[in-house]
Amino acid sequence: MPRRIIIHAGFHKTGTSTIQATLRENRVALKKQIALRLRWHLKDVVSAARGYSTDHDPLTLIKLQSRFGQMVNELPGMPRRTLIISAEELSGHLPGRGNIMDYSAAPVLLYAYWEIVTARYPEAEVLVYVSTRDPETWLVSAYWEHVKSSSMTMDFDAFRQKYHKAADLNGMVAEIASRVPAPVHRHRLENCRDLPLGPTDPLLDLCDIPLSLRPTLVPVPKTNVRMGDNVLQALLEANRTQTGDRARKEAKEAILAQAQAAAS
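In the numbering used here, the protein residues as written are 571 to 834.
It should be emphasised that the hints constitute simulated quantities derived from the structure, not laboratory data. Do not take every clue at face value.
Claimed, not checked - Below, simulated DSS-like cross-link-like pairs (lysine-lysine); rule was C-alpha separation at most 25 Å, straight line: (1) Lys792 - Lys601; (2) Lys718 - Lys613; (3) Lys819 - Lys718; (4) Lys792 - Lys718; (5) Lys601 - Lys613; (6) Lys718 - Lys735; (7) Lys732 - Lys718; (8) Lys633 - Lys613; (9) Lys613 - Lys792; (10) Lys819 - Lys613.
All chains should be modelled from the sequences, with the hints used to inform the complete structure.
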């Protein structure tokens, strides 16, 4: 069984994609110390977590528990290793999606994960790790993501006014810590700029990686990096003027492709 289990459940727009890409890139080097279950291993689980964050329906929570429990029960032996379960959507949808105002589903979801892994591995140490970000920069990044990936048409000032409470990630960490009986660790994205592996380093600090191994690990380029304000405004205009889903998607794909070509 694993010696330690770390549940990394977000938050969105705090370097989580870079963390998962770095872990995946270095999985061979880390395999003696770490076992991984990342977003692409957890599709059914995160689908249920997103569903619960949308409706807070007890039946959806039961579905989530069933899927997460099945994933845990199917894990291979991991003697003396640390198991990292990492996906930002384990906390549900990014606030701003539909009627989701904040991360209020996260404490319930994290308690469910904790309860399942402690029942399956009662002797393992279970930790919760949460990556955070300053409220204003989180709002900017969340807004960019919604404009890029959805049909959002509101301007940033309206988005900030409506969702400013969701940006209090530290407050939500405190709420999680008060409701989940496991040590909760956090690290701000802004404090990771000068670290060799960026936002992945604080997570690896919890895994007792040999000091001799750390310098051999390979950083990856930042993933899901937002582009300039001109691209944002073009995407927003497409959301506002393209009424059909297909036309809007094609228009936005063309904008992003042109921006990526200009940047390369």
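Holds or violated: lysine 718 with lysine 735, Cα cutoff 25 Å?
holds (22 Å)
Would you check the hint for lysine 819 and lysine 718, treating anything up to 25 Å between C-alpha atoms as holding?
holds (10 Å)
Does lysine 613 sit within 25 Å of lysine 819, going by the straight-line distance between their CA atoms?
Since the Cα atoms of lysine 819 and lysine 613 sit roughly 23 Å apart, the hinted pair holds (cutoff 25 Å).
Is it true that the CA of lysine 718 sits at most 25 Å from the CA of lysine 613?
At roughly 22 Å apart (the allowed maximum being 25 Å), lysine 613 and lysine 718 satisfy the hint.
Are the Cα atoms of lysine 601 and lysine 613 separated by 25 Å or less?
holds (22 Å)
For the pair supplied as a hint, lysine 732 and lysine 718, confirm whether the alpha-carbon distance does not exceed 25 Å.
holds (19 Å)
For the pair supplied as a hint, lysine 613 and lysine 792, is the alpha-carbon distance within the 25 Å limit?
Holds, at roughly 23 Å.
Sort out whether lysine 601 lies within 25 Å of lysine 792, counting only the CA atoms.
Measuring from Cα to Cα gives roughly 23 Å; hence the hint holds.
For the pair supplied as a hint, lysine 633 and lysine 613, is the alpha-carbon distance within the 25 Å limit?
This hinted pair holds, its Cα atoms lying about 13 Å apart.
Between the alpha carbons of lysine 792 and lysine 718, is the straight-line distance 25 Å or under?
holds (18 Å)
Hint violations for this structure: none, all hints satisfied.
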